[in-house]
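Chemist: Keeping the supplied structure of chain A fixed, place chain B upon it in accordance with the hints.
Chains A and B, in that order, are what the protein sequence lines are.
The opening position of the first sequence corresponds to residue 1 in this note's numbering, with each subsequent residue numbered one higher.
The opening position of the second sequence corresponds to residue 1 in this note's numbering, with each subsequent residue numbered one higher.
Honestly, I wouldn't trust all of these hints.
[What the hints assert, rightly or not] To give a feel for the contact side, a few chain A residues facing chain B, derived at Cβ under 7 angstroms:
1) 43
2) 44
3) 45
4) 47
5) 91
6) 103
7) 104
8) 105
9) 106
Read the hints as simulated data drawn from the structure, not as lab findings.
All values derive from a computational prediction rather than experimental measurement.
Every residue, glycine too, gets a C-beta built ideally from N, C-alpha and C.
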Amino acid sequence: AQTVTQSQPEMSVQEAETVTLSCTYDTSENNYYLFWYKQPPSRQMILVIRQEAYKQQNATENRFSVNFQKAAKSFSLKISDSQLGDTAMYFCAFTYNFNKFYFGSGTKLNVKP
Amino acid sequence: NAGVTQTPKFQVLKTGQSMTLQCAQDMNHEYMSWYRQDPGMGLRLIHYSVGAGITDQGEVPNGYNVSRSTTEDFPLRLLSAAPSQTSVYFCASSYSFTAYYEQYFGPGTRLTVT
Numbered sequence: 001a002q003t004v005t006q007s008q009p010e011m012s013v014q015e016a017e018t019v020t021l022s023c024t025y026d027t028s029e030n031n032y033y034l035f036w037y038k039q040p041p042s043r044q045m046i047l048v049i050r051q052e053a054y055k056q057q058n059a060t061e062n063r064f065s066v067n068f069q070k071a072a073k074s075f076s077l078k079i080s081d082s083q084l085g086d087t088a089m090y091f092c093a094f095t096y097n098f099n100k101f102y103f104g105s106g107t108k109l110n111v112k113p
Numbered sequence: 001n002a003g004v005t006q007t008p009k010f011q012v013l014k015t016g017q018s019m020t021l022q023c024a025q026d027m028n029h030e031y032m033s034w035y036r037q038d039p040g041m042g043l044r045l046i047h048y049s050v051g052a053g054i055t056d057q058g059e060v061p062n063g064y065n066v067s068r069s070t071t072e073d074f075p076l077r078l079l080s081a082a083p084s085q086t087s088v089y090f091c092a093s094s095y096s097f098t099a100y101y102e103q104y105f106g107p108g109t110r111l112t113v114t
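Pulled out of the complex, with its shape left as it was, chain A reads as follows (with noise of 0.2 angstroms):
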C-alpha cells in the first residue's frame, strides 16, 4: 500500500523568511515521481514543484526547493523569502503509474506580515 504522511497540520512564517514542510511517504515500488501542490483560499489546487525519484539532484523551482531522501521516503518543501502569496494549503502527492496519485493530508501555512 502506498501512503504519505504530512505530520505538521498548521505552520506559520514571518514574511521573507524560510520555511520546511515535512513529508513522508511509504511504497515498495522504485521508480515513482513527488509533488508538492499548493491550495490557496480559491480551492484551485496549483502545482508547486515535482521530483523523479530515480533523479538523485533535488528539484527547484525560484523560491521552492525539495529535499529528497530516497532512502528515509521523505520529501520535505523548503520555501524561501516567504511571501505573503505563499499562505495556503500545501500537498504533498505521490504517484508510481498512470493515474493513481496518493495525497498526504495537507500543512497549512500561514505567512504573517
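Modeler: What follows is chain B alone, placed relative to chain A:
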C-alpha cells in the same frame, strides 16, 4: 484552452437524492480522475479512467458511479446522496506516457447533503 471545468460550483442535496457532477477537459488528456477532499484527510481518489470506455475504482468508490463515453467528459454520479458524501469534489486530468504525470485540476464542487 479552458483546461478542466467542473459544474456546478456549489450544490445542496437532500438525503436520498441523486445528481451528476460534470467534468470536462479540452486538453485531449487520456487520464481523468475524481477526488474528494475532506478536512484533515487530503484528497482521496474515488474513480479514475485511463481512456474512453475504461474506468476503475479508487480508494473510496462506494456510493459513486462513473462512465467515460468520450475523451473530454468524465461525469460522477451520486446514486443516493448521504450526509457522509458532504465534501469538496475535484476532477483532474493528465497525459499518458509522460515523464512527469502532472495532473491538472478543476476548480472543485462543494457538495452539501442534508
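Chemist: Now tell me if each hint is right for this structure.
Modeler: Against the structure, the hints come out as follows:
1. 43: holds (5 angstroms)
2. 44: holds (6 angstroms)
3. 45: holds (4 angstroms)
4. 47: Holds - the Cβ of residue 47 of chain A comes within 7 angstroms of chain B, reaching about 6 angstroms at its closest.
5. 91: Interface hint status for residue 91 of chain A: holds (6 angstroms vs cutoff 7 angstroms).
6. 103: It holds, given that the least Cβ distance between residue 103 of chain A and chain B is near 4 angstroms, below 7 angstroms.
7. 104: Since the shortest Cβ distance to chain B is 5 angstroms, the answer is holds.
8. 105: At about 4 angstroms, which falls below the 7 angstroms cut-off, the nearest Cβ of chain B leaves the hint on residue 105 of chain A intact, so it holds.
9. 106: holds (5 angstroms)
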